[in-house]
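Given the coordinates of chain A, work out where chain B should sit on it, guided by the hints.
Protein sequences, first through last, are from chains A and B. Here this note's numbering is used: the first residue of the first sequence is 75, the next is one more, and so on. Here this note's numbering is used: the first residue of the second sequence is 4, the next is one more, and so on.
It should be emphasised that the hints constitute simulated quantities derived from the structure, not laboratory data. This one's a predicted model, so the numbers in the text were calculated from it and none came from an experiment. One should not assume that every hint holds.
No farther apart than 30 angstroms at their CA atoms in a straight line, the calculated lysine-lysine pairs in the DSS-like style are these [claimed, not checked]:
# : chain 1 : residue 1 : chain 2 : residue 2
1 : B       : K27       : A       : K79
2 : B       : K27       : A       : K82
3 : A       : K301      : B       : K27
Computed beta-carbon distance windows for the label pairs [to be verified]:
# : chain 1 : residue 1 : chain 2 : residue 2 : range
4 : B       : D48       : A       : G98       : 17 to 27 angstroms
5 : A       : E260      : B       : A53       : 53 to 63 angstroms
6 : B       : G30       : A       : T262      : 39 to 49 angstroms
7 : B       : G30       : A       : V258      : 33 to 43 angstroms
Chain B side only, calculated, beta carbon under 8 angstroms to chain A, not exhaustive [as the list claims (entries may be wrong)]:
#  : residue
8  : A35
9  : V39
10 : T46
11 : R47
Heads up, the beta-carbon is just placed ideally off N, CA and C, and yes, glycines get one too.
So you can see what is in the structure, the chains are spelled out below.
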Amino acid sequence: MRCIKCRKPANVEVRRHRSAFCAGCYPGWFRDQIERAVSHDKMFTRDQKVLVAVSGGKDSLALWHALHQLGYQVDGMYIRLGIAEYSRRSQAKSEAFAEKHGLTLHQVDLEGDEGFKVPDLAHERDGKPCASCGTVKRYHFNKLAADLGYSVVATGHNLDDEAATLFGNVVHWQTDYLGRQGPVLESTHPKLVRKVKPLYRLAERDTAAYAVIERIDYILEECPMAKGAKSLEYKDLLNRLEETQPGAKHRFLVGFLKQGRQAVKGAEPVTLRECANCGQPTTAEVCAYCRMVERGKRRKALRA
Amino acid sequence: MRVTILPDRRVEEMEPSTVAEVLKRLGLHSDAYLVVRDEEILTRDVRLRAEDAVDVIPVISGGSCAA
Numbered sequence: 075m076r077c078i079k080c081r082k083p084a085n086v087e088v089r090r091h092r093s094a095f096c097a098g099c100y101p102g103w104f105r106d107q108i109e110r111a112v113s114h115d116k117m118f119t120r121d122q123k124v125l126v127a128v129s130g131g132k133d134s135l136a137l138w139h140a141l142h143q144l145g146y147q148v149d150g151m152y153i154r155l156g157i158a159e160y161s162r163r164s165q166a167k168s169e170a171f172a173e174k175h176g177l178t179l180h181q182v183d184l185e186g187d188e189g190f191k192v193p194d195l196a197h198e199r200d201g202k203p204c205a206s207c208g209t210v211k212r213y214h215f216n217k218l219a220a221d222l223g224y225s226v227v228a229t230g231h232n233l234d235d236e237a238a239t240l241f242g243n244v245v246h247w248q249t250d251y252l253g254r255q256g257p258v259l260e261s262t263h264p265k266l267v268r269k270v271k272p273l274y275r276l277a278e279r280d281t282a283a284y285a286v287i288e289r290i291d292y293i294l295e296e297c298p299m300a301k302g303a304k305s306l307e308y309k310d311l312l313n314r315l316e317e318t319q320p321g322a323k324h325r326f327l328v329g330f331l332k333q334g335r336q337a338v339k340g341a342e343p344v345t346l347r348e349c350a351n352c353g354q355p356t357t358a359e360v361c362a363y364c365r366m367v368e369r370g371k372r373r374k375a376l377r378a
Numbered sequence: 004m005r006v007t008i009l010p011d012r013r014v015e016e017m018e019p020s021t022v023a024e025v026l027k028r029l030g031l032h033s034d035a036y037l038v039v040r041d042e043e044i045l046t047r048d049v050r051l052r053a054e055d056a057v058d059v060i061p062v063i064s065g066g067s068c069a070a
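Chain A on its own, in the form it takes in the complex:
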């Protein structure tokens, strides 16, 4: 297999584009894909300060690296989730990356600042804290970005993440979630920072290849709390389809964004107000984060 740009032996094949690149040409192609997504979906400009949500994994570090290389003003933010050794290792990877590239990394310490860890939030039915972990991340990324004056938060959600989320929302016909899914979540409240996903057209394999070629030292292990998560099951199903139908994931997601999303979008825009407890934007009297923390405290007290 040859690189489509320089004809040298290829290192990375991108089957859905019927393309292959050598290690020299691949990073340029990868960054070009990000640049196109940022421009096509009007995510941000080089004049804006962007906060990248960092986990120490390949996607967020590859995104931070690529945006920095492209000349965007990007700082990072890491949340210490308290998932034992996994968190310690991912924190170390994130800090080492920031130091190596001379970038600013903001941090939130969940246990020190809030008095709980993500494993404390395990769901009563399936024992998994993944949904609560998502609430924690969304809350703190938004709050820190708003407090520090960032106009946009960029996350490392890739094509596989987005296709798996879409698949899950279709399987369960979560029409309210379907209507909101997309590469840009606009700010509809002064305290709600715009969220963007510049990797949404790049597959997990693409970001891993970029990280390997650019010698980005990321945490390879899966989050131990995510074992058996539905998202992994959906990804496996979609990868089985991709094996025989290259481009299926891309067509599924991009087709939905172009044609399907409008059909399920609610007619009435969601009205946001400030949480009676913490002041962060929410649709309810008390936000999902505060309700979740309260539930966690009650369960902890019952166990004590």
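Chain B in isolation, oriented as in the chain A frame:
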């Protein structure tokens, strides 16, 4: 040919074959793994030799959301 599957570093000895064949024998999807030899990613058509040592790296992450 020595194949090391990450992150657990499980080692399998295999007869020389292509990268695509290695993944097939291991029952792994080509979209979910990278095969790397001496820090160089290999495309699925590359034929490996008996003396080769390759790493199979998973690329899938899960949970609620990518940070």
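Evaluation of the provided hints:
Restraint check for K27 (chain B) and K79 (chain A): the C-alpha separation of about 29 angstroms stays at or below 30 angstroms, so the hint holds. With a CA separation close to 26 angstroms, the supplied pair K27 (chain B) and K82 (chain A) stays within the 30 angstroms bound. This hinted pair checks out: K301 (chain A) and K27 (chain B) have alpha carbons roughly 23 angstroms apart, not beyond 30 angstroms. Taken as a hint, the range 17 to 27 angstroms holds for the pair D48 (chain B) and G98 (chain A), whose Cβ atoms sit roughly 19 angstroms apart.
At about 57 angstroms, the beta-carbon gap between E260 (chain A) and A53 (chain B) stays in the expected band of 53 to 63 angstroms. With their beta carbons about 46 angstroms apart, G30 (chain B) and T262 (chain A) fall inside the hinted range of 39 to 49 angstroms. Between G30 (chain B) and V258 (chain A), the C-beta spacing of about 38 angstroms keeps the proposed range 33 to 43 angstroms intact. Because the closest C-beta pair between A35 (chain B) and chain A is about 5 angstroms apart, less than 8 angstroms, the hint holds.
The beta carbon of V39 (chain B) comes within 6 angstroms of a beta carbon in chain A, closer than 8 angstroms, and the hint placing it at the interface holds. The interface hint given for T46 (chain B) holds, since its Cβ lies 4 angstroms from the closest Cβ of chain A, which is under the 8 angstroms cut-off. With a least beta-carbon distance of about 7 angstroms to chain A, the hint placing R47 (chain B) at the interface is held under the 8 angstroms criterion.
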